[in-house]
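Q: Those protein sequence lines, which keep their order, are chains A and B. When we follow our numbering, the leftmost residue of the first sequence carries the number 1, and every step to the right adds one. When we follow our numbering, the leftmost residue of the second sequence carries the number 475, and every step to the right adds one.
Among the hints, a few may not be true.
Where chain B lies over chain A, by a calculated footprint (3+ residues, C-beta under 8 Å) [what the hints assert, rightly or not]:
hint : region
1    : 299 to 309
2    : 346 to 354
3    : 430 to 442
4    : 459 to 470
Pulled from the structure, derived: some chain B residues nowhere near chain A, Cβ distances all over 12 Å [claimed, not checked]:
hint : residue
5    : Ser521
6    : Leu710
7    : Trp852
8    : Ala854
Here are the computed lysine-lysine pairs in the PhoX-like style, where the Cα-Cα straight-line distance is at most 25 Å [said to hold, decoys possible]:
hint : chain 1 : residue 1 : chain 2 : residue 2
9    : A       : Lys300    : B       : Lys718
10   : B       : Lys665    : A       : Lys459
11   : B       : Lys513    : B       : Lys718
12   : A       : Lys76     : B       : Lys513
13   : A       : Lys430    : B       : Lys836
14   : B       : Lys544    : A       : Lys383
15   : A       : Lys165    : B       : Lys836
16   : A       : Lys454    : B       : Lys665
In short, the hints are calculated from the structure, not lab data. In this text, a Cβ means the ideal position worked out from N, Cα and C, and glycines have one as well.
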Amino acid sequence: MQQIENQHLLWRAAFGPVMDNFSQFKEITPAQLYAQLKKNTLQKPIPFEIAQNMYDGLIKGIQDLGQKQQLEQNQKMQMRKQSIDGIKNLNLSWLDTMVNSTDQLREKMSFFWHGHFACRVINIYFQQELLNIIRENALGHFGDLLRAVSKSPAMLSFLNNQQNKKQHPNENFAREVMELFTMGRGNYSEEDVKEGARAFTGWGFDMQGNFQERAYFHDNGKKTFLQHTGNFTGDDILDIILEQPATALFITRKIFRFFVNDQADEEIIQSLARDFYNSHYDIQQLMDAIFESNWFYEEKNRGTKIKSPIELIVGIRRLLPMELQTPNSQLVFQRALGQVLFYPPNVSGWPGGNSWIDSSTLMVRLRLPQIMAMSDSYSIQPKNDDDVMMGMEQERPPKTLQYFQANINWDPLYRNFEPIHREEIYDMLKGFLIQTPSAMNEFTIERFTNQDSKEKYLKSLMVQLMSTPEYQLC
Amino acid sequence: MFIKRRNFLQLGSLATASLMMPKFLKAVEIPGAVPPGNKVLVVLQFSGGNDGLNTIIPMRNDLYYKARPKLGIKKENALTLTDECGIHPALPILKSLYDEGQVGIMNSVGYPNPDRSHFRSMDIWQSASDPTQYLNTGWIGRYLDAQCNGCDKPTQAIEIDDILSLALKGDLQKGIALEDPQRLFNNSNEKFFNEITDAHAHASPPVDYLYKTLSDTLSSAAYIFKESKTHPTTQLYPATPLGKDFKTIASLIMSDINTKIYYVSLGSFDTHVNQVNQQTRLFTELNNALEAFIKDLKMNHRFEDVVLMTFSEFGRRVAQNASGGTDHGTANNMIFISGGLKQKGLLNNLPDLSDLEEGDLKYSVDFKNVYATFLNKWLAADDTKILGKKYERMNFI
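Please build the complete structure, drawing on both the sequences and the hints.
A: Below, the structure is given as structure tokens:
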């Protein structure tokens, strides 16, 4: 019981267990395990610095956005290519961090906010800065996070606030802040969107990517926003939004559905949201209330969530420590499975749940452990992303088999199962890998294992168990 | 909820019956193995934003040549369709089909407040959402939801690709993506997958959902593969990716499969630079693949029951840019090709180049009207339910 609860905690508050947890889980309670996760959040996160020469880069970034006409087409493409490569590196570095960091709760929380504050701009400097903002504030106060994200050049450019000027208001930013980042639909009127947009006029950034309130674009007139009237600035609007209990409720519900269960339990959510609101949006406190509760560990909340592609890939890498020879394969897997970091489908993020699954993604998911653990070949050719390519791709490259190559360290598996008797291995390993109470047929699985030696058996059993529909759930 | 494997075996019953039929009976059936009236829609997506103005060329319009001194296609090079317009010189097959009355061209199709991001605009076209709305399902996916809820043949919509597009994802049902029926079959037909599917008994809803999808995939892969071999096409297709895709589609259209919609993409039409070569290359690939495909359909008497529809996420700006290309624009034309069109030729006026919005074409037809027309009149589906709103239907089919 304790073991499955510990695993449950690690799949939700972290990116899943590592092999050595297998032996530790019997001696530790979920409360102790959570206390450990919490302790690891105390160190400040190390910001990503993939993009070299930030200053120079930001200038390029701004030019990319604002002064396109002055640049030659091939210069633009060159810069864009630089950004695309940078974002790829950022993607792979963050994946590595998710796999290896001891500060799992922070990275998992950041992954949640990465989907919540979904932003699709092809500018490595902006993306890197936004990620660093999110990781720094992931467990702090939601108000600080919201404000920092709203003032980031990434979000301001993605939601067109650079173009939001007194003479020509652009409502996109104001609308999405309310609809997707804070209150959700039904808690404001179209009039509030218009008035809010007026307050955000002038919000932008300078050549260095510093936030700026450009007074000459700002509408100084009176605005009426959610029953308040005044000469509001963008900051005032964010304050008023944070005063709305609807904001606490919206964020809490989304967190509940991400970390606990796709099926919202409204009674629990209401109570959590009240405390969240009263704590001035203390995220850490909210997460404590979830992971230290009894209901979180109830059977109805375990093994019911379909792992997102990132959780699946990172989870496999945590269980099977590997030295990647072909790290870029992970980008292909992300594309094939429908979740590429830094490329959310739109500003509402990845819908999650059953939407991860169709016949193609399911077949890739079921083959992924085989590909990753056995360095198998695969042939997947994702469609071009025209926003990324900008017409650079000339022809479809011929379809070829690709190989995933990695050196896997199987020792932790062998070591932890050293004391386990042969006839107990199936149940123990299944109990460690599968979170859902499924009547998986032992004899069917066993028939596909290699029984030549204990090590071969362990290896093959592990891969077979991970190649099942049950393993998709956590 | 969970459907046991043996039930799926019934999937192939239709095909099996036709295979077991005495040879002399079968021979009578051919040509036209499939009863006429089984309507099929082929959606051809031009990815990247095709330049509609250099596809259907307003060759008598000075404004066109003024905006495109270098890029404009000269009147003598365009293949004449009407007094007013011609078609891109790399598309002679469309010119001849046009002359035979088998092409309809809808101009100025778009939506309000157009988005210039490829991804977002494609999202809007594929989900058929309002520009301020974010839907997680596509219009064909919702057609499957409405049409195929609880049905035992989840093969009503097939995309020829490795990865399924949003357009084919419904809430409950999803289309199937395949690059090649044989490869899908080989990939899925693994003993391990078959056996765990067979061994699965009822469990929790998410587990059942995954097993149902797996089981659907395995049976559909077998069904599609089998069907694709029942009437192997004798037509020669060009050895291009699109040629291969059309050949796959044709082999399924000639079979007894229940597929109503095929979805295939060509690209990238994102011609910021060096547009002439890029667009010509893609149109040549299209022209040759289409020529074989239409010939195949005609030979098998299926051209009346098949419509091919093209679309792109946006058109391009009216004016050329400084790099021999065009940048992202707005409204665009859609082309319909079929032997069963009720209206043909130009279905509405050519875009008005004197009435632009900041250098872009204004839309006059919402693309959702076109979807509504296909859903209702061609596929006999509840378009209002699928699109969430009643859109006026058109009369071209």
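Q: Each hint: holds or not?
A: Each hint, compared with the structure:
With 4 residues bearing a CB less than 8 Å from a CB of chain B, the region 299 to 309 of chain A meets the requirement of three and the coverage assertion stands. Note: the region 346 to 354 of chain A has 5 residues with beta-carbon separation from chain B under 8 Å; the three-residue rule is met and the coverage holds. Counting residues of the region 430 to 442 of chain A whose beta-carbon sits less than 8 Å from any beta-carbon of chain B gives 6, enough to reach three: the coverage restraint holds. Given as covered by chain B, the region 459 to 470 of chain A passes the check, having 5 residues with a CB less than 8 Å from a CB of that chain where 3 are the minimum.
Some Cβ of chain A comes within 12 Å of the Cβ of Ser521 (chain B); the nearest lies about 6 Å off, and the non-interface call is violated. The claim that Leu710 (chain B) is not at the interface with chain A holds, since no C-beta of that chain comes within 12 Å of its own (minimum 21 Å). Here Trp852 (chain B) stays apart from chain A, with its beta-carbon at least about 24 Å from theirs, past the 12 Å limit. Under the 12 Å C-beta cut-off, the non-interface status given to Ala854 (chain B) relative to chain A holds; the minimum distance is some 25 Å.
Proposed proximity of Lys300 (chain A) and Lys718 (chain B) is contradicted: the alpha carbons are some 48 Å apart, above 25 Å. Simply put, Lys665 (chain B) and Lys459 (chain A) have alpha-carbon atoms about 19 Å apart, close enough for the 25 Å limit, and the pair holds. With a C-alpha separation of about 22 Å, the suggested pairing of Lys513 (chain B) with Lys718 (chain B) holds against the 25 Å cut-off. Our distance criterion of 25 Å between C-alpha atoms is broken by Lys76 (chain A) and Lys513 (chain B), whose separation comes to about 46 Å.
Annotation: proposed proximity of Lys430 (chain A) to Lys836 (chain B) is violated, straight-line Cα distance about 60 Å (limit 25 Å). This hinted pair does not check out: Lys544 (chain B) and Lys383 (chain A) have alpha carbons roughly 31 Å apart, beyond 25 Å. Taken as a hint, the Lys165 (chain A) and Lys836 (chain B) pair is honoured in the structure, with Cα atoms around 24 Å apart against an allowance of 25 Å. Our distance criterion of 25 Å between C-alpha atoms is met by Lys454 (chain A) and Lys665 (chain B), whose separation comes to about 24 Å.
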